[in-house]
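Required output: the full structure, derived from the provided sequences and hints.
Number of protein chains: 2
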Amino acid sequence: MRVAVVTFDGFNEIDSLVAAHIINRVPGWRADITGPAEELTSMNGVVIRAQQPLEFASEAGAVIVGSGRKTRDVVADDALMSRIQLDPRRQWIASQCSGALVLLRLGLLRDVPVCTDRKTQPWIEAAGYRVLNEPFHARGTVATAGGCLAAHYLAAWLIWAAAGRQAAIDALSYVLPHGEEEEYTFRALATVEPFVSGAATVHEPATASW
Amino acid sequence: MRVAVVTFDGFNEIDSLVAAHIINRVPGWRADITGPAEELTSMNGVVIRAQQPLEFASEAGAVIVGSGRKTRDVVADDALMSRIQLDPRRQWIASQCSGALVLLRLGLLRDVPVCTDRKTQPWIEAAGYRVLNEPFHARGTVATAGGCLAAHYLAAWLIWAAAGRQAAIDALSYVLPHGEEEEYTFRALATVEPFVSGAATVHEPATASW
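For the protein sequence lines, the chains are S and R, in the order given. Residue numbering for the first sequence follows my numbering, beginning at 572 and increasing consecutively. Residue numbering for the second sequence follows my numbering, beginning at 572 and increasing consecutively.
Incorrect hints may appear among the rest.
Pulled from the structure, derived: some chain R residues nowhere near chain S, Cβ distances all over 12 Å [stated by the list, open to error]:
| hint | residue |
| --- | --- |
| 1 | Y700 |
| 2 | R736 |
| 3 | E764 |
| 4 | S768 |
Taking lysine to any residue pairs in the SDA-like style, the calculated list, with each CA pair at most 20 Å apart, reads [said to hold, decoys possible]:
| hint | chain 1 | residue 1 | chain 2 | residue 2 |
| --- | --- | --- | --- | --- |
| 5 | R | K690 | S | R596 |
| 6 | R | K690 | S | E752 |
| 7 | R | K690 | R | M614 |
| 8 | S | K690 | R | Y745 |
| 9 | S | K690 | R | A697 |
| 10 | S | K690 | R | M614 |
| 11 | S | K690 | R | R596 |
| 12 | S | K641 | R | T756 |
| 13 | R | K690 | S | E609 |
| 14 | R | K690 | S | Y755 |
| 15 | S | K641 | R | Y745 |
| 16 | S | K690 | R | K641 |
| 17 | R | K690 | S | D741 |
| 18 | R | K690 | S | K641 |
| 19 | R | K641 | S | E752 |
| 20 | R | K690 | S | K690 |
| 21 | S | K690 | R | G750 |
| 22 | R | K641 | R | P659 |
| 23 | S | K690 | R | A650 |
| 24 | R | K690 | S | P598 |
| 25 | S | K690 | R | D741 |
| 26 | S | K641 | S | E609 |
| 27 | S | K641 | R | R596 |
| 28 | S | K690 | R | E705 |
Simulated from the structure, these hints should not be mistaken for lab results. Backbone N, C-alpha and C define an ideal beta-carbon position, used for all residues, glycine too.
Spelled out as structure tokens, the structure:
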């Protein structure tokens with residue numbers, strides 16, 4: 572499984588790198604920071620090198636769109652957006668915080684309630700979508716997560732849905748606070764479980780609305 | 572407050588960037604990725620640019636030593652280690668996971684039980700130190716955290732100890748899973764509270780053992 576962690580300038584470090592790190596714990600899986608330029612500068616001035624060009628998102632088996640300070644500019648940029656072609660019939664697709672604006676712009680969230688951060692919430696609502704007071708929601712192969720540390724829910728969902736429950740437990744085990752593994756694992760699994768069974772296969776649309 | 576997030580090649584992305592991000596939410600505070608070379612490559616091949624040279628750790632008001640795949644090589648490298656001079660009488664000092672090996676090598680953990688990750692645990696124990704089955708521990712101005720996501724405890728401790736309880740709550744509020752803020756805030760504060768009152772001032776040694 573190849574995973575594109577789509578990351579733009581002004582990115583939130585937690586939102587791109589926590590999910591990427593956890594996914595890279597899964598044997599045989601590989602998550603790459605995927606961006607529109609060779610170098611990307613975070614909201615706190617951390618410069619990272621993209622591991623894949625933006626076009627990689629279209630080929631990856633799963634795509635996570637990260638968050639950042641400039642996501643509203645990103646979705647207003649037609650040239651940039653035309654470089655991303657996602658397909659929920661053959662890809663797992665998820666967003667973190669303001670990354671939901673990208674999924675919305677791509678028409679991937681029709682009739683689905685959205686999880687996002689509190690700062691992005693009014694923009695999602697202004698577009699006519701309902702924002703949940705919850706950290707994670709998915710329908711079929713498309714998911715949204717809200718709040719940076721919800722990244723570990725998002726990773727758990729993707730891994731469980733595509734590689735099984737035990738693979739998710741194993742990947743989480745590397746990153747959970749020492750001594751609190753049981754509590755964190757239980758909460759993460761309980762959070763994503765309602766959205767896993769309906770997402771049994773990525774190769775067929777899970778709902779007619781797609 | 573200037574904070575050095577000490578980061579070496581082979582670094583764990585979560586261990587350096589989660590604490591840095593949360594700390595950068597505190598008004599007037601600034602956390603910088605601090606490393607021995609201009610570019611640092613993570614355990615998953617993510618290349619980031621150091622924001623400060625390693626020597627910055629000696630001047631910063633607080634130092635967080637990150638974790639990674641090569642920490643045992645780092646502490647065996649006399650030339651590298653000689654570039655880090657830390658002083659718990661004038662600095663807050665903390666480690667994340669294998670970063671505890673650096674604090675140990677610098678003589679900062681004498682007679683103090685240690686929090687670290689499960690992979691580093693045998694190395695800490697082989698050096699004669701006790702490893703706790705807990706995510707966070709501090710004595711005075713020196714703290715250790717174990718498990719990547721314990722980074723938010725570490726950040727909460729530093730911010731509470733140096734800027735007050737409300738500042739810690741505010742900084743956390745930006746990163747907690749949406750809808751679960753209360754649960755996460757309560758747990759984080761409960762985890763670090765026992766270690767805050769004894770760390771009231773950084774300018775005097777809190778225990779005679781230093």
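Right, here's what the structure says about each hint:
1. Y700: 14 Å, holds
2. R736: Per Cβ check, R736 (chain R) is outside 12 Å of chain S; nearest 20 Å; holds.
3. E764: 16 Å, holds
4. S768: Fine: 22 Å to the nearest Cβ keeps S768 (chain R) off the interface.
5. R:K690 - S:R596: 14 Å, holds
6. R:K690 - S:E752: Holds, because 15 Å separates the two Cα atoms, which is no more than 20 Å.
7. R:K690 - R:M614: 15 Å, holds
8. S:K690 - R:Y745: Between K690 (chain S) and Y745 (chain R) the Cα gap is close to 9 Å, so the pair holds against 20 Å.
9. S:K690 - R:A697: 47 Å, violated
10. S:K690 - R:M614: 32 Å, violated
11. S:K690 - R:R596: Holds - the C-alpha atoms of R596 (chain R) and K690 (chain S) are around 14 Å apart, at most 20 Å.
12. S:K641 - R:T756: 27 Å, violated
13. R:K690 - S:E609: 34 Å, violated
14. R:K690 - S:Y755: Roughly 19 Å separates the two Cα atoms, so the pair holds.
15. S:K641 - R:Y745: 17 Å, holds
16. S:K690 - R:K641: 38 Å, violated
17. R:K690 - S:D741: Within the cut-off at roughly 14 Å; holds.
18. R:K690 - S:K641: Status violated; Cα separation ~38 Å.
19. R:K641 - S:E752: Answer violated: K641 (chain R) to E752 (chain S) is near 24 Å, above 20 Å.
20. R:K690 - S:K690: 38 Å, violated
21. S:K690 - R:G750: Holds. K690 (chain S) to G750 (chain R) sits at ~14 Å (cutoff 20 Å).
22. R:K641 - R:P659: 25 Å, violated
23. S:K690 - R:A650: 46 Å, violated
24. R:K690 - S:P598: 18 Å, holds
25. S:K690 - R:D741: Holds, at roughly 14 Å.
26. S:K641 - S:E609: 17 Å, holds
27. S:K641 - R:R596: 17 Å, holds
28. S:K690 - R:E705: 33 Å, violated
Checked against the numbered hints given earlier, this structure breaks hints 9, 10, 12, 13, 16, 18, 19, 20, 22, 23, 28; the rest are met.
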